[in-house]
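Novice: Turn these sequences into a full structure, and let the hints guide you.
Line by line, the protein sequences give chains A and C. Heads up: the first sequence begins at 1 in our numbering, then just goes up one per residue. Heads up: the second sequence begins at 112 in our numbering, then just goes up one per residue.
Since the hints were derived computationally from the structure, they do not count as laboratory data. All the given hints hold, so there is nothing to weed out.
Heads up, incomplete: computed chain A residues facing chain C, CB under 7 Å, no partners named:
| hint | residue |
| --- | --- |
| 1 | Tyr48 |
| 2 | Ser85 |
| 3 | Gln98 |
| 4 | Phe101 |
| 5 | Gly104 |
Computed spacing ranges between beta-carbons, pair by pair:
| hint | chain 1 | residue 1 | chain 2 | residue 2 | range |
| --- | --- | --- | --- | --- | --- |
| 6 | C | Arg174 | A | Asp52 | 42 to 48 Å |
| 7 | C | Asn128 | A | Thr57 | 40 to 46 Å |
| 8 | C | Lys155 | A | Tyr30 | 16 to 22 Å |
| 9 | A | Gln106 | C | Thr170 | 23 to 29 Å |
| 10 | C | Asn137 | A | His38 | 21 to 27 Å |
| 11 | A | His38 | C | Ser116 | 17 to 23 Å |
Using N, Cα and C, we set each Cβ at its ideal position, and we do this for glycine too.
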Amino acid sequence: GQSLEQPSEVTAVEGAIVQINCTYQTSGFYGLSWYQQHDGGAPTFLSYNALDGLEETGRFSSFLSRSDSYGYLLLQELQMKDSASYFCASRGLGSARQLTFGSGTQLTVLP
Amino acid sequence: DTAVSQTPKYLVTQMGNDKSIKCEQNLGHDTMYWYKQDSKKFLKIMFSYNNKELIINETVPNRFSPKSPDKAHLNLHINSLELGDSAVYFCASSQGTGDLPLHFGNGTRLTVT
Numbered sequence: 001g002q003s004l005e006q007p008s009e010v011t012a013v014e015g016a017i018v019q020i021n022c023t024y025q026t027s028g029f030y031g032l033s034w035y036q037q038h039d040g041g042a043p044t045f046l047s048y049n050a051l052d053g054l055e056e057t058g059r060f061s062s063f064l065s066r067s068d069s070y071g072y073l074l075l076q077e078l079q080m081k082d083s084a085s086y087f088c089a090s091r092g093l094g095s096a097r098q099l100t101f102g103s104g105t106q107l108t109v110l111p
Numbered sequence: 112d113t114a115v116s117q118t119p120k121y122l123v124t125q126m127g128n129d130k131s132i133k134c135e136q137n138l139g140h141d142t143m144y145w146y147k148q149d150s151k152k153f154l155k156i157m158f159s160y161n162n163k164e165l166i167i168n169e170t171v172p173n174r175f176s177p178k179s180p181d182k183a184h185l186n187l188h189i190n191s192l193e194l195g196d197s198a199v200y201f202c203a204s205s206q207g208t209g210d211l212p213l214h215f216g217n218g219t220r221l222t223v224t
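Specialist: Dropping the structure here:
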């Protein structure tokens, strides 16, 4: 099976940098992805790491270390609109390779 | 154009009733999903269909029955609704099984009273 652990809450101020960690235990592994969900909204895809290292997309970066079963999402130059829940997710073995989500991290950006 | 659309957005009903949620995607994707998000925001997969064929059926009560009339549509019918069914239900799609990213609909908030 799959299990992913993330902090439940993170708070930071506008303009700051915040890192949201994710550790996982999986019976198989096909990479780590990140989704953002604003209150009342749909989860939206942010990034995907199939291999070790850093992937950068604008103010957001995501990192993966498969040897440590660990990844993180880095948000730079925080803006108020970044206040949302952030989910890490991974696929496992099996023909369906369904996406399993972590429990989510609620990020609050303060002025 | 909305990529993944589901209706209704809100559904309030009484215990014991039967209700349906509809989902349509116009992305040309082969795979569609139903996820349930509980009050703690935990997202859990319920079902997945690939080209109208059921490929994932997680441990879900058989009161829940998905139906895929074609690969662009995946509906969810729920019989004999219970209080514990209250949640937000998300439809999603992807190009193929195991492909990323998933594209989610805006969710249906189901409240059972």
